[in-house]
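Q: Using the sequences plus the hints, can you model the full thing?
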Amino acid sequence: MKIKSEKDFWSGVMFIAIGLGFAWGATNYSFGSAARPGPAYFPFGLGILLALLGAIVLLKSLLAGSRGGDKIEPWPWKPWLVILGAVVMFGFALPRLGMIVTLPLLIGVASLASGEFRIKEVVINAVVLTLGCWLVFIKGLSLTIPLWPTFLA
Amino acid sequence: MELLNNLALGFSVAFTLQNVLYALGGAILGTLIGVLPGLGPVATIAMLLPSIYALDATPALIMLAGIYYGAQYGGSTTAILINVPGESASVVTALDGYQMARKGRAGSALAAAGLGSFFAGTVATLVLAAFAPPLTELAFKFGPAEYFSLMVLGLIGAVVLASGSLIKAIAMILLGLLIGQINTDVISGVPRYSFDIPELTDGIGFVAIAMGVFGFGEIILNLGRPAEAREVFTKDVKGLWPTKRDFLDAYPAVLRGTALGSILGVLPGGGALLASFAAYTLEKKTKGRPDEVPFGQGNIRGVAGPESANNAGAQTSFVPMLTLGIPPNPVMALMVGAMTIKGIQPGPQVMTSNPDLFWGLIASMWIGNLMLIILNLPLIGIWIKLLTVPYRFLYPAILSFCCIGLYTLNNNNFDVFMAAAFGVVGVVFYRLGCEPAPLLLGFILGPMMEENLRRALLLSRGDWTTFLSRPLSATLLIASLLLIVIVMLPGIKKQREQAFQEAD
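For the record, the sequence lines run as chains A and B. Going by my numbering, the first residue of the first sequence is number 209, and it counts up by one from there. Going by my numbering, the first residue of the second sequence is number 27, and it counts up by one from there.
Derived by calculation from the structure, the hints in this document are not laboratory data. A quick note: this is a predicted structure, and the numbers were derived from the prediction, not measured. Heads up, some of the hints might be wrong.
With beta-carbon atoms standing in for the labels, derived distance ranges [to be verified]:
#: 1; chain 1: B; residue 1: 510; chain 2: A; residue 2: 329; range: 47 to 57 Å
#: 2; chain 1: B; residue 1: 164; chain 2: A; residue 2: 352; range: 42 to 52 Å
#: 3; chain 1: B; residue 1: 322; chain 2: A; residue 2: 238; range: 54 to 64 Å
#: 4; chain 1: A; residue 1: 238; chain 2: B; residue 2: 438; range: 28 to 38 Å
#: 5; chain 1: A; residue 1: 280; chain 2: B; residue 2: 510; range: 42 to 52 Å
#: 6; chain 1: B; residue 1: 490; chain 2: A; residue 2: 264; range: 21 to 31 Å
Covered stretches of chain B, as calculated for chain A (at least 3 residues, CB under 8 Å) [as the list claims (entries may be wrong)]:
#: 7; stretch: 194-200
#: 8; stretch: 447-460
Think of the CB as a built atom: it goes at the ideal place given N, C-alpha and C, for glycine as much as any other residue.
A: As structure tokens, then:
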């Protein structure tokens with residue numbers, strides 16, 4: 209059978225998988241009864257309902273769709289990996305290295321994703337933003353954010 | 027008159043120096059954000075939530091409200107000047123507004139948008155003040171069954187907003203509801219779907235979801251496009267004031283837009299976006315002068331109508347939030363979050379337990395609107411300057427603010443990782459054509475819905491017909507069913523698709 213809408217086909221697969229996953233997970237908890245619904249009652253019902261809707265979406269994708277097959281646009285691999293990689297790195301580094309090191313690191317790595325990386329601009333951007341964040345978040349709003357690396361403090 | 031007394035109380039709260047400053051700060055910040063493409067009010071309010079820990083409840087909410095309607099104004103400025111709607115509700119403004127700007131009439135378009143919005147904001151403030159008390163009365167009659175049915179209606183209403191397929195939008199709501207189930211069950215105290223990760227027993231923070239999907243997701247998608255597509259340009263804006271003829275053309279559109287926006291804003295699932303789309307459709311259907319410029323080529327009514335409607339809708343969407351504690355759109359959901367942070371349980375009791383907060387917030391909206399018109403018309407030049415900042419400088423800044431905001435949420439890097447995970451998911455959603463906004467709404471309402479469903483069943487001893495035998499609850503459920511039927515009707519379906527296609 210030919211897929212008429214690639215987007216809907218994979219959306220359907222996603223909904224079915226997640227719905228069944230939640231429903232299966234709910235079986236670990238108590239259902240209770242209709243008069244005394246337990247913790248599994250609501251998520252189990254929702255999971256099954258989501259899987260059903262996913263099945264409808266999937267079926268429809270096999271029957272109808274736009275002429276071009278409603279193809280999924282190419283995945284933005286590079287910015288996807290670089291940006292989220294930079295964010296995860298920020299999460300790891302901030303408690304250990306402090307904002308003064310982590311923020312320029314985040315900005316430097318994230319700037320690689322734009323395809324117009326110019327070292328001088330990135331350095332200026334990093335300095336200005338780190339200074340700005342220090343002024344706004346630590347000085348201005350007095351939030352507790354580690355500023356210096358732990359081995360210096 | 028009670029209404030006047032209430033408004034007087036509100037203005038006495040809102041006119042204190044501190045609150046005026048917070049309203050101004052919020053309005054400026056909101057305009058700034060509305061002007062920046064790819065950074066909407068949802069992400070900004072999410073970003074600023076941690077900073078309100080230090081504030082009192084009233085100034086905090088006044089500031090957040092300022093950001094919300096400021097973003098509406100800012101979004102229309104860029105939509106008109108450079109055809110880049112700063113946020114979703116000004117998408118339709120770009121259709122005729124940008125064409126007007128190309129013909130050298132940017133000043134008239136901006137003035138029509140600004141003055142129309144101010145008028146709409148004033149009317150909507152009065153609507154809010156007049157309708158909130160009776161709705162609050164009604165809210166006290168609500169039991170768990172009614173709350174559950176109302177949330178169903180709200181979620182179904184939100185589906186009308188989604189531009190793609192109806193079934194996929196409902197599926198996204200369910201997905202949001204399910205993600206909201208990752209928590210500790212309120213009734214039995216059992217942690218669910220936590221995989222023994224202690225942070226997950228408190229549930230996932232909605233800020234992490236909002237920033238991951240909307241903030242990070244949008245940056246990634248923007249960077250995935252070729253560089254030319256993200257470049258922005260500027261133009262000189264001269265001659266700010268509209269001609270007398272512009273004025274005569276625009277004012278009926280402003281009146282219609284205001285009326286439509288005020289009504290649609292009150293409905294659950296309504297708000298600014300729906301209002302502006304509906305107003306544009308209405309203007310197109312209404313006959314104007316025989317020799318007027320066609321729509322899509324720079325008709326001033328195409329700017330004035332939707333702009334008034336989106337501002338009115340933005341304002342009146344506070345009604346369901348303030349009276350019932352039910353957020354009609356993601357921004358309001360964040361406002362509910364902000365109230366909870368400040369220890370105020372949103373719902374009908376807010377008006378009696380915190381009258382100065384309630385009426386102060388309403389009065390400050392009018393003050394905020396006045397500030398915005400003062401701010402926007404003369405300072406448009408400055409806002410345009412911001413657009414000359416290239417995206418390669420802009421997105422690292424957005425990223426930095428998001429990351430720091432996420433960390434300070436709980437002073438813990440868990441939320442940073444969670445948001446990164448939702449960044450992965452967000453891109454998948456966009457590419458599969460699944461709208462993420464309904465998911466966020468479902469996520470917010472999930473725990474509330476479950477609690478009310480289980481309470482209602484407990485009270486009725488497991489009898490599901492309780493939702494239909496109680497007249498208020500039945501009415502709400504029938505209304506949601508009608509909404510689905512109406513959207514599914516072939517004629518409406520076609521028109522809805524058309525309206526959203528025009529927006530692309």
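Q: Look at each hint and say if it fits the structure.
A: Quick rundown of the hints versus the structure:
no. : hint                       : in the structure
1   : B:510 to A:329: 47 to 57 Å : 52 Å, holds
2   : B:164 to A:352: 42 to 52 Å : 44 Å, holds
3   : B:322 to A:238: 54 to 64 Å : 59 Å, holds
4   : A:238 to B:438: 28 to 38 Å : 31 Å, holds
5   : A:280 to B:510: 42 to 52 Å : 28 Å, violated
6   : B:490 to A:264: 21 to 31 Å : 23 Å, holds
7   : 194-200                    : holds (count 4)
8   : 447-460                    : holds (count 8)
Figure legend: structure checked against the earlier numbered hints; the only hint not met is number 5.
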